[in-house]
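Protein sequences appear in the order of chains A and B.
Sequential numbering of the first sequence, starting at 7, is according to the numbering used here.
Sequential numbering of the second sequence, starting at 7, is according to the numbering used here.
Calculated directly from the structure, the hints in this document are not laboratory data.
Since the structure is predicted, the reported quantities are computational estimates derived from the model, not experimental observations.
Certain hints may be false.
It does not matter which identical chain is used: a pair holds within one copy or between any two.
[As the list claims (entries may be wrong)] List time: in silico EDC-like cross-link candidates among lysine to aspartate or glutamate, alpha-carbon distance up to 20 Å:
#1 53 <-> 161
#2 60 <-> 112
#3 60 <-> 111
#4 153 <-> 222
#5 59 <-> 111
Protein chains: 2
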Amino acid sequence: MATDDVKLIGSWASVFVMRARIALHLKSISYEFLQETFGSKSELLLKSNPVHKKMPVLIHADKPVCESNIIVQYIDEAWTSSGPSILPSHPYDRAIARFWAAYIDDQWFISLRSILTAQGEEEKNAAIAQVEERTEILEKAFIDCSKGKPFFNGDHIGYLDIALGSFLGWWRVVELDANHKFLDETKAPSLAKWAERFCDDPAVKPIMPEITKLAEFARKLFPKPQA
Amino acid sequence: MATDDVKLIGSWASVFVMRARIALHLKSISYEFLQETFGSKSELLLKSNPVHKKMPVLIHADKPVCESNIIVQYIDEAWTSSGPSILPSHPYDRAIARFWAAYIDDQWFISLRSILTAQGEEEKNAAIAQVEERTEILEKAFIDCSKGKPFFNGDHIGYLDIALGSFLGWWRVVELDANHKFLDETKAPSLAKWAERFCDDPAVKPIMPEITKLAEFARKLFPKPQA
Numbered sequence: 007m008a009t010d011d012v013k014l015i016g017s018w019a020s021v022f023v024m025r026a027r028i029a030l031h032l033k034s035i036s037y038e039f040l041q042e043t044f045g046s047k048s049e050l051l052l053k054s055n056p057v058h059k060k061m062p063v064l065i066h067a068d069k070p071v072c073e074s075n076i077i078v079q080y081i082d083e084a085w086t087s088s089g090p091s092i093l094p095s096h097p098y099d100r101a102i103a104r105f106w107a108a109y110i111d112d113q114w115f116i117s118l119r120s121i122l123t124a125q126g127e128e129e130k131n132a133a134i135a136q137v138e139e140r141t142e143i144l145e146k147a148f149i150d151c152s153k154g155k156p157f158f159n160g161d162h163i164g165y166l167d168i169a170l171g172s173f174l175g176w177w178r179v180v181e182l183d184a185n186h187k188f189l190d191e192t193k194a195p196s197l198a199k200w201a202e203r204f205c206d207d208p209a210v211k212p213i214m215p216e217i218t219k220l221a222e223f224a225r226k227l228f229p230k231p232q233a
Numbered sequence: 007m008a009t010d011d012v013k014l015i016g017s018w019a020s021v022f023v024m025r026a027r028i029a030l031h032l033k034s035i036s037y038e039f040l041q042e043t044f045g046s047k048s049e050l051l052l053k054s055n056p057v058h059k060k061m062p063v064l065i066h067a068d069k070p071v072c073e074s075n076i077i078v079q080y081i082d083e084a085w086t087s088s089g090p091s092i093l094p095s096h097p098y099d100r101a102i103a104r105f106w107a108a109y110i111d112d113q114w115f116i117s118l119r120s121i122l123t124a125q126g127e128e129e130k131n132a133a134i135a136q137v138e139e140r141t142e143i144l145e146k147a148f149i150d151c152s153k154g155k156p157f158f159n160g161d162h163i164g165y166l167d168i169a170l171g172s173f174l175g176w177w178r179v180v181e182l183d184a185n186h187k188f189l190d191e192t193k194a195p196s197l198a199k200w201a202e203r204f205c206d207d208p209a210v211k212p213i214m215p216e217i218t219k220l221a222e223f224a225r226k227l228f229p230k231p232q233a
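In isolation and in its complexed conformation, chain A is listed as follows (with noise of 0.2 Å):
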């Protein structure tokens, strides 16, 4: 591991801050977890993001560096010649990941989300059918980009895989919760071939949660009402 003054702000739980810590790990960066108390947010968030007020914080030799996806490129610029390039080499092809990480990002995730916090079966049904959809678009996006290998990026793991891996085990939890199975090898095979692979991965196993605690964590986040 590289010895650089690294710390990241941030929780287990969090898909954003899973980012950061994904692409941390690929670059064999180390980093001091500085982890948030669930409920609060400490002087050093508030001070470090004081814009958005949110996780992740990676800092690095105390500069502050804000919002998930950026910090990923950061971590992929300012450190090059550590581990594997985590944007696509050819301009046109991080056009690409850049487009679909905003696409899960604002469209994909918000859709999924929803299917926690709908108000009723039709909302709910309504928000399944979403996720459906563009869970289609994704498996599309998964055969151009991969090219027939294993990952979005390539041959490794890259911005793109975090961008959508990092939602893994949050994506599984609202599969339990909506007892609707979207990553199946009918519907979507290659992501669903993709998402194996991606959890199997040295970068990402050691800290992708367990699906039980992550669980217990989003009853926590969204109590169901009251029947």
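Given the coordinates of chain A, work out where chain B should sit on it, guided by the hints.
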């Protein structure tokens, strides 16, 4: 001008299309400007951006790139040896530029637009107050990023200058509509001076729309409710 197989699908009045045009002008890249007709979407646009069906789309050697900030980064990365760098050279400065560019689109612009779409005086005044507050945040960001130089990016226009500067025409239209000045010498003195410099830049001046023409277009897009 470099001669490249470059087309841009867009419209003269769009902030987001303007971003791509400024980047192309900065890099001295000649391009064919394929203007969309107001109220309809061309087949080429629908085919080139099937996910969002939105302009701008840059088509370089028959390959489409979508989303304005992604296009600007693509132009910078694909034509590294033409013209100045659009993104800052240091990874930390790049992360900061990306952070503020996202803030402009996700927060500041949402407030600005809500002035035009507000229902009633109370909603409008709340939107105006929010733009004031967010412009103050951007005034501080300008001071931090520019470090005494004329632009966010330093000596010449860069990524963040384009991200905010592309809004200047519409911003003035909103000021006229709301009868409220945001960019003035007392409230945002650094940004007010930056705005003048930005609009005078040779890469910007020929494509910055006339305010009267834009105001007329705004009345079509956001018709006033009948009294």
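Verification of the hints:
{"no.": "1", "hint": "53 <-> 161", "verdict": "neither (39 Å within a copy, 29 Å between copies)"}
{"no.": "2", "hint": "60 <-> 112", "verdict": "both (17 Å within a copy, 15 Å between copies)"}
{"no.": "3", "hint": "60 <-> 111", "verdict": "both (15 Å within a copy, 18 Å between copies)"}
{"no.": "4", "hint": "153 <-> 222", "verdict": "neither (38 Å within a copy, 48 Å between copies)"}
{"no.": "5", "hint": "59 <-> 111", "verdict": "both (18 Å within a copy, 18 Å between copies)"}
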